[in-house]
Amino acid sequence: MMTATHFAFFDEGSKKEIRRATLKAVAIPGYQVPFASREMPIARGWGTGGLQLTLSLIGTQDTLKVIDQGADESVNAVSIKKLVQETTGVDLTEQTEAATLIQSRHRIPEVTLTEDQILVLQVPTPEPLRKVEAREYVTKRLHAEDEYSGAWLMLFEQIMKYGKTATGADHPVFVNHRYVMAPSPIPRFDNPKMHQSEALILLGAGREKKIYAIPPYTDVASLAFEDYPFTVESFAGQHCHLCGAEDVFLDELIDEATGETYYQCNDTSYCMGRLNSGERQEVVHNHV
Amino acid sequence: MCEEALLRVRNLDKRFGPGCPECKERTNRNLEKNYCSVCGTVYACQDVSFDLFPGEILGIVGESGSGKSTMMQCLYFDADVSSGEATLNDPELQDENMFQLSSQKKRYIRNHKYGMVYQNPVNGLKMNFSSMGNIAEKLISAGKRNVSEMETTGNQLLESVHIPLFRSKEEPRNFSGGMQQRVQIAKALSNNPPILFLDEVTTGLDLSVQANVLDLIKKIQRESGISMVVVSHDLAVIRMLADRTVVMLNGSIIEQGLTDQILEDPQHAYTQRLVYSLL
Ligand SMILES: Nc1ncnc2c1ncn2[C@@H]1O[C@H](COP(=O)(O)OP(=O)(O)OP(=O)(O)O)[C@@H](O)[C@H]1O
Ligand SMILES: [Mg+2]
Ligand SMILES: [Zn+2]
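Chains as they are written, first to last, in the UniProt record's numbering: chain A, 1 to 288; chain B, 1 to 279.
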């Protein structure tokens, strides 16, 4: 099908258009830049926004990592990797440190990213005000006027209903003290990783045709009321049953046989890395 | 009155449509009711001027289509005026024509100086958010960021408009029309605005519920001294609430003065018909 007539699938004109939108996004941190989202050989809603960013950015020297909810081997991540590799021939990796370009859905890797890396996040719903205002021309105006009562109101309603802010993921953030932004459905645990991130973070929404960005070293603050401070998911007292990690985002699993709850790193490559790098001895030493 | 006006409105014009040589000049405008039969432009408000004094209730009365809601929407910046001036006697805004301010500044005035109760509650409330959330929205807009403080304020307000506290987290879409209007009133009052606009707040409500809401408005005015502009096509409502009254017809003010005087001794032929047909 897609014979490699074009490097990285797109013709140069398309890449240019996406890069132009990306540059604008970088210049206005947190601002949603519209772009002409293209038809992709994967269904919209399956990361086409992120994929278009990746394809517009990637060069022959890059090493690509793709993760889906923390996992490198998920079907979705694999099919994206396959498409990119078939059209570019770039190296793939599962190791966060080895990647120059990381496309991710729903997570920011546990390993701190560096200036030499770009993180591309897939976004299903880029508009943080959509739940309070359905009309795009109105939300655009609200952003322009720095009018974010709606975002606060949503948090307020959650507190009224559940006694706390119940955003499981996609908890809105203030970017560079100006724009309220949907960080994509990453857990709250990952929000602080955006603050002053050394790596450029790009966010792409294919269906909604928006690109936005957090340039390196940008202030990113999660919205929180004075008397309900922002908190991340807590795994206090828990650790990964494989690698022993404590200060990471853990998945809660249930042993079918015993019915017991146990925990495991959500970021599989991080977990593998620890297991392979001799930390294991330490872990075994500490936990067994 | 020698007291200084709180809100001054001068020469407010609002037209829908481009206008044409036949209708553009105010002085020799030839209109069919409020529209130009040549180009179809609607002159919803024409040269509307009035003052609102501190602590008074000003009534705006007129038949359907006379431009009352349009005028309120202009004052509350929901719609742009075609021309005109509105100034607020407020140290922050001294003598500035509010119609010419930036939209941020207008928003600031709405959030800090004004409260609005719309004719239709759908325009003033988020029907699928809790009543408490609806009140909080106004408080958040006015810069509040403390949940428990907002809840305390919200509960006090809901209590003052007789919404039982156990229903404070319910969505107004479950409420009766009268209750929805009372939540709107609570919301409008939440930022302690010096000025409250009320557009046909009792229209569509049962008579007993109407009396209820009117009593509430009267009580709020007595206790808080807030200035109000009350729009109604119902002279009974105006009679009960308004200290002074403005009569509108086809977008223009045809008569204004003390409510008692207007009801006892209307000067304009239209007002006379209006008053006598009702008395
Ligand atoms: N968006 C619009 N476009 C064109 N004409 C409009 C628009 N909005 C209002 N009008 C016209 O402006 C005039 C004034 O309407 P408005 O709603 O202000 O009257 P009102 O006095 O509030 O009437 P009611 O008592 O029925 O609420 C009417 O002739 C109306 O048809
Ligand atoms: Mg009206
Ligand atoms: Zn005309």
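Derived by calculation from the structure, the hints in this document are not laboratory data. For glycine and all other residues, C-beta sits at the position ideal for the given N, C-alpha and C. Among these hints, one or two may not hold up.
Simulated pairs of lysine-lysine, DSS-like, Cα-Cα distance not exceeding 27 angstroms [claimed, not checked]:
#1 144(B) x 164(A)
#2 106(B) x 161(A)
#3 193(A) x 209(A)
#4 16(A) x 164(A)
#5 140(A) x 219(B)
#6 164(A) x 15(A)
#7 169(B) x 219(B)
#8 126(B) x 144(B)
#9 131(A) x 24(B)
#10 161(A) x 169(B)
#11 193(A) x 131(A)
#12 106(B) x 126(B)
#13 126(B) x 113(B)
#14 161(A) x 219(B)
#15 15(A) x 140(A)
#16 131(A) x 16(A)
#17 82(A) x 131(A)
#18 105(B) x 140(A)
#19 126(B) x 105(B)
#20 164(A) x 82(A)
#21 209(A) x 131(A)
#22 113(B) x 164(A)
#23 131(A) x 219(B)
#24 131(A) x 218(B)
#25 105(B) x 144(B)
#26 126(B) x 131(A)
#27 144(B) x 113(B)
#28 106(B) x 140(A)
#29 24(A) x 161(A)
#30 140(A) x 218(B)
#31 219(B) x 164(A)
#32 131(A) x 161(A)
#33 169(B) x 131(A)
#34 113(B) x 33(B)
#35 106(B) x 144(B)
#36 106(B) x 15(A)
Covered by chain B, according to a simulated footprint, are these stretches of chain A (three or more residues, beta-carbon under 8 angstroms) [as the list claims (entries may be wrong)]:
#37 142–148
#38 171–179
Results for each hint:
| no. | hint | verdict |
| --- | --- | --- |
| 1 | 144(B) x 164(A) | 18 angstroms, holds |
| 2 | 106(B) x 161(A) | 32 angstroms, violated |
| 3 | 193(A) x 209(A) | 25 angstroms, holds |
| 4 | 16(A) x 164(A) | 44 angstroms, violated |
| 5 | 140(A) x 219(B) | 40 angstroms, violated |
| 6 | 164(A) x 15(A) | 43 angstroms, violated |
| 7 | 169(B) x 219(B) | 25 angstroms, holds |
| 8 | 126(B) x 144(B) | 19 angstroms, holds |
| 9 | 131(A) x 24(B) | 43 angstroms, violated |
| 10 | 161(A) x 169(B) | 8 angstroms, holds |
| 11 | 193(A) x 131(A) | 25 angstroms, holds |
| 12 | 106(B) x 126(B) | 21 angstroms, holds |
| 13 | 126(B) x 113(B) | 21 angstroms, holds |
| 14 | 161(A) x 219(B) | 32 angstroms, violated |
| 15 | 15(A) x 140(A) | 25 angstroms, holds |
| 16 | 131(A) x 16(A) | 33 angstroms, violated |
| 17 | 82(A) x 131(A) | 35 angstroms, violated |
| 18 | 105(B) x 140(A) | 18 angstroms, holds |
| 19 | 126(B) x 105(B) | 23 angstroms, holds |
| 20 | 164(A) x 82(A) | 42 angstroms, violated |
| 21 | 209(A) x 131(A) | 18 angstroms, holds |
| 22 | 113(B) x 164(A) | 31 angstroms, violated |
| 23 | 131(A) x 219(B) | 36 angstroms, violated |
| 24 | 131(A) x 218(B) | 36 angstroms, violated |
| 25 | 105(B) x 144(B) | 18 angstroms, holds |
| 26 | 126(B) x 131(A) | 11 angstroms, holds |
| 27 | 144(B) x 113(B) | 15 angstroms, holds |
| 28 | 106(B) x 140(A) | 17 angstroms, holds |
| 29 | 24(A) x 161(A) | 39 angstroms, violated |
| 30 | 140(A) x 218(B) | 40 angstroms, violated |
| 31 | 219(B) x 164(A) | 36 angstroms, violated |
| 32 | 131(A) x 161(A) | 16 angstroms, holds |
| 33 | 169(B) x 131(A) | 18 angstroms, holds |
| 34 | 113(B) x 33(B) | 34 angstroms, violated |
| 35 | 106(B) x 144(B) | 18 angstroms, holds |
| 36 | 106(B) x 15(A) | 42 angstroms, violated |
| 37 | 142–148 | holds (count 3) |
| 38 | 171–179 | violated (count 0) |
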